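Since the structure of chain H is already known, use the hints to place chains B and V on it.
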Amino acid sequence: MAADSLVNWGLLSLSAPGWGGVLLQGFLNSIQIAVGGFTLGLALGVGGAFGKLYGGPVLRDLLECYTTIVRAVPELVLILLLYYAGTDLLNQVLALFAIGPVDISGLMAGIFVIGVVQGAYSTEVLRGAIKAVPAGQIEAARAYGMSPTKVLRRITLPAMLPYAIPGLSNLWLIATKDTALLAVVGFSELTLVTRQAAGTTKAYLLFFLAAGALYLALTLISNVFIGMIERHARRGFAESR
Amino acid sequence: MTDETTHAVAFTPEDLPTARSFFLPHRIVMMLVFAAFVVAVAVFMRWDWLPRYLPRLGWGILVSLVMLFSTAILGFLLAVPIGLVQVTGPWFLKLPAKAFCTVIRGTPLLLQLWLLYYGLGSLFPQFPAIRQSFLWPYLREAWPYGVAALTISFAAYEGEVMRGAFGGVPHGELEAAKAYGMGRWTMFRRIWLPRAIHRALPTLNGETVLQLKSTPLVATVTVVDVYAVISKVRQETFLTYEPLLLLALIYMCLTGILVVAFRTFENRIPTRGA
Amino acid sequence: MKKALKVLAVAAVIAVGSGVAASAEALKVGVAAEPYPPFTAPDASGKWEGWEVEFMNAMCAEAKLECVLTPVAWDGIIPALTSKKIDMIISSMSITDERLKTIDFSDKYYNTPTGIIGTKGEDIKPTPEGLNGKALGVQVSTVHQAYAAKHFAPAGVEVKEYQTQDEANNDLAAGRLDAVQADAIALKAFLATDQGKECCDYKGDVAEDVAVIGPGVGVGLRKGETELKDKVNAAIKAIRDNGTYDTFSKKYFDFDIYGE
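Residue numbers (this note's numbering), protein chains in the order written: chain H, 1 to 241; chain B, 1 to 274; chain V, 1 to 260.
Don't read these hints as lab results, they were simulated from the structure.
Note that the coordinates shown come from a computational prediction; the quantities given were computed from them, not determined experimentally.
In this text, a Cβ means the ideal position worked out from N, Cα and C, and glycines have one as well.
There could be a bad hint or two in this list.
[Unchecked claim] Only some residues are given here: those of chain H computed to face chain V with a beta carbon under 10 Å: (1) P17; (2) G20; (3) T87; (4) P148; (5) R195; (6) Y204.
The following block holds chain H by itself, in its conformation from the complex:
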């Protein structure tokens, strides 16, 4: 029986008797969450990194707590906490401002959850990258009379990018894989739909291998783009080794 189901490629066909379409839809959901979560994390990370480097003592300590907690607690636990508590809190805050409860879709909750986790990681990556920018460049910009926002936009951000990209690309790969954890809260991303398909058809090996191939393809394609971006960002740098 297992031998039959192993070679029953029909189960992967895109239309109705096959589950390929459902799998691809789940894959799309995973990518959406990864992109959304990574972007939200990047935004939080830029704010967090600058807060940690240039903020007041209280802000700095609060950010330290945020990054410490996220880096010390398993993602799975954070995802459960944020998934239930986060959206609950959001609604209570909105109620304070007399705005009715918003309808938070699974997708939004997923992006929020992955984003908050990624935010702590990218805070650390970006902080390291900003510190790697030679202080003289920033001082020179100040000496030219640039305003702080202009220094940020014209000097600090572009100059730190080459240092940040390797770390950020790793975070992107982590984000794509962390989406699988949302299966535990019942969100229909690739891993959960794979298990549903496998459970219904009993072709466990086939579906899990297919999903693995999709994740791997995403990673490999990402690596190609990361290589391109890295080369572009490092132009003008002396080749190291």
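Just chains B and V now, with coordinates in the frame of chain H:
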């Protein structure tokens, strides 16, 4: 994964605060606010379930730690050859090692675990030979699959680190060893391996914390670790926040202890200069 | 790089936007995100079908409610209800005193016995003595888990808990369990599959314990939402009276699933 990324996603020794840093004025205020928050949590939330579950929680923590250490040690033992063959091995060893690292690092651990437990696990009983073998009582259990998945994952990530570490040992040191007339094996045992491990140590800390952060996944295949105990509390009491907050606290303590232990260990290893 | 960031930002806005676009009016009905035939199971196009989906459609149409089926994790389905991620639970959830402390229930809409299946040829009886020393699988936070914990675990039965019924069934077929306790209908549906036919057979119903098993399955609702509860109760009664209930039930069962 680079050293910096590991640091960014895992709490590591350099993040530990110093004792004196707690006595800055604004920190005292913040700690008072935090203490008030803790008191509020303790008073206004429901904790009456805690005593009933304490023995099971202790047992769960033990299971989590056994999972962590057994898989980290097994994974590291696998990582050494995986890293080594990628630096010096012939192509027919280099290629599979590289492919192994790419595939494992490119797919989610949860999927690998389910592939092993549900995929392979549902295949085994079809072969009567396996079912009658002495291994069957173990294959029936869930923990071998959890250990296997976590070990493989650790081996792949740490194998990549060891590859860099082996490659990064200065050539001069190896040449010096050769000049002293050391054989290949002696040189590996006395110079290359210790130096590589030394170089990999900071990353090893981070990877071990990351491994701790991965252990709760085994709860999804019926291993009763601390995460599974907390899930049980959630299901039986219908509480959400209290058990999860406690779980986060438990993991923070475990990470803290792990990191302090690593720092003590690291301080005992002599390092020259920078 | 800037361009890449812009593309990312636009993609995120689209992703977030499509999430908000979901209608805020419709009631979200939670079902466990797992195949649970013949009640709820996804088909190959990702659509959910089964007896309970038909019940939901009929009941909502009768009550003039707009219902959207929303899959959620079974072990978090009650928190999902109380934190307003969903508005109703129609997921074969038995009415029990334990659950009534946290949520409210409509009147029952079906009730079936609880049974045990086991490996073919193995001597298993659905009693504490008949299961002694065996590994019994149950789904977490179900009445079956509560029943097994009360009656079987103290008698030396190794009770293993699963997130989904499907996983428990699969582990029985894989030889990791000796028996599985669950709703008799769901178990018989499993025994009718190729996998179930090959490995297992029905070992019998367990002894009654209404205090644990409850009077039947109801629609889970938040406490205090009496208006919705009244509407649901009226609709259940109406489809029972006008024959709709029997019409769609006949497609799945050759007996009266409503029970006494």
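Hint check results:
1. P17: 6 Å, holds
2. G20: 9 Å, holds
3. T87: 7 Å, holds
4. P148: Where the cut-off is 10 Å and the nearest Cβ of chain V is about 20 Å from P148 of chain H, the hint is violated.
5. R195: Since chain V brings a Cβ to about 8 Å from R195 of chain H, closer than 10 Å, the hint holds.
6. Y204: Status holds, d = 8 Å.
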